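Q: Sequence:
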Amino acid sequence: MVLGSMSDIFGMIMHDASEGQMAEHKIERDDGFVTDSNGKQYVAPIEEWQESERLAIPVAKSPVLDIGCGAGRVGQYLIVHGLDWVGIDVSPGAIEACRRRGLDSVHLMSADEIRLRRRDFRTVIMFGNNFGVVGGKDKVAKMLKQLYKVTTRDAIILAGSRDPRATDEEAHLKYHQWNQSRGRPAGLVRLRMHYKGLTGQWFELLLSSPEEMSEVAERAGWHLTKTFGERKYYVGLLEK
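Numbering-wise (our numbering), the sequence shown opens with residue 3 and increments by one.
Since the hints were made in silico from the structure, they are not lab data.
Quick caveat, the model's predicted, so the values are computed rather than measured.
Using N, Cα and C, we set each Cβ at its ideal position, and we do this for glycine too.
Worth double-checking, as some hints may not be accurate.
[Unchecked claim] When the alpha-carbon atoms are kept at most 30 Å apart in a straight line, the in silico DSSO-like pairs for lysine-lysine are as follows: (1) Lys198 <-> Lys42; (2) Lys242 <-> Lys141; (3) Lys151 <-> Lys28.
[Said to hold, decoys possible] Just the calculated beta-carbon pair ranges, DEER-fashion: (4) Thr201 <-> Trp180: 19 to 29 Å; (5) Gly223 <-> Met24: 22 to 32 Å; (6) Asp32 <-> Ala168: 14 to 24 Å; (7) Asp170 <-> Val82: 37 to 47 Å; (8) Val61 <-> Arg119: 32 to 42 Å.
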C-alpha cells in the first residue's frame, strides 16, 4: 500500500521508536539504492548523537526553534538543560510522540510554511540533514527567509547537512553524476520510506557542502561562520 505522504510513514516510525520498539524501515532512493535503519537515531540520547551535533549543541541560546523535531530528542536534551524549546514537524505521528514524551511545545507545521506568532527565537536547530528538508535550493532559501523573520538580531541557526561529494561509494558518486546530467544539484536526493508493508510517497532532500550551504544562506541574509564536524556530516553555524 502506498500512503499519501512521507510524514504518514515517518509518524509511524516515530511512534514505535518512542515506545522503545525496533522501528526497522527502509529508505529508498530513486535510483534503487536502499538504506536500512532501525529508527534508534530518532530517540537517541546525546551520547549517541553524531559528533558534529554534540559539538554544536552547547552554543544553542534560548529560546530554541527545532525544525523537523521528530520524536523530540533535541528538545528533551535542551529542556533538561534549562532552555525554552519549541518544535515543529509536518508529521502528526511525530507531534504525538513528542507529547507522549512530555514535550508539549510542539506544532504541526511544515518548514516551508512557518506560521508562528513568536519573533524572539535566538536559535534555530536543523539536525539530521534538516537544512535541506524542504527540497531544492530555492525552497531552502525561502525557508531561511521565513526563519529570519521569527528570530532575533543575534540569532543563530545550527544546520545539519552532509557534503554529497564526501564519499568514495561508487553508487553515490554515480547518483550525483546522474543528477547533474539532468540539471539538478548533485545532492538533491529523491527518497521514499518503507515500513511494515507500507510505502510513502517520494520526497526531496537537499544535501549541501559547506560552500553550497553558504551560497543558499547568503540569499536569505544568513552567513555561514563556522562548521562543526567532518564534511560527511557537519553542522553549520549560520548568523545574520
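Q: Next step is simple, just say for each hint if it's right about the structure.
A: Hint by hint, here is what the structure shows:
1. A C-alpha spacing of about 16 Å is found between lysine 198 and lysine 42, which places the hinted pair at or below 30 Å, so the restraint holds.
2. With a C-alpha separation of about 19 Å, the suggested pairing of lysine 242 with lysine 141 holds against the 30 Å cut-off.
3. With a C-alpha separation of about 36 Å, the suggested pair lysine 151 and lysine 28 falls outside the 30 Å cut-off, and the hint is violated.
4. Distance hint check for threonine 201 and tryptophan 180: the Cβ-Cβ separation is about 22 Å, which falls inside the suggested range of 19 to 29 Å.
5. At about 43 Å, the CB distance of glycine 223 to methionine 24 disagrees with the hint of 22 to 32 Å.
6. At roughly 21 Å, the beta-carbon separation of aspartate 32 and alanine 168 lies within the given 14 to 24 Å, and the hint holds.
7. Taken as a hint, the range 37 to 47 Å holds for the pair aspartate 170 and valine 82, whose Cβ atoms sit roughly 38 Å apart.
8. Valine 61 and arginine 119 have their C-beta atoms about 26 Å apart, which leaves the hinted 32 to 42 Å range violated.
In this structure, the earlier hints numbered 3, 5, 8 are contradicted, and the remaining ones agree with it.
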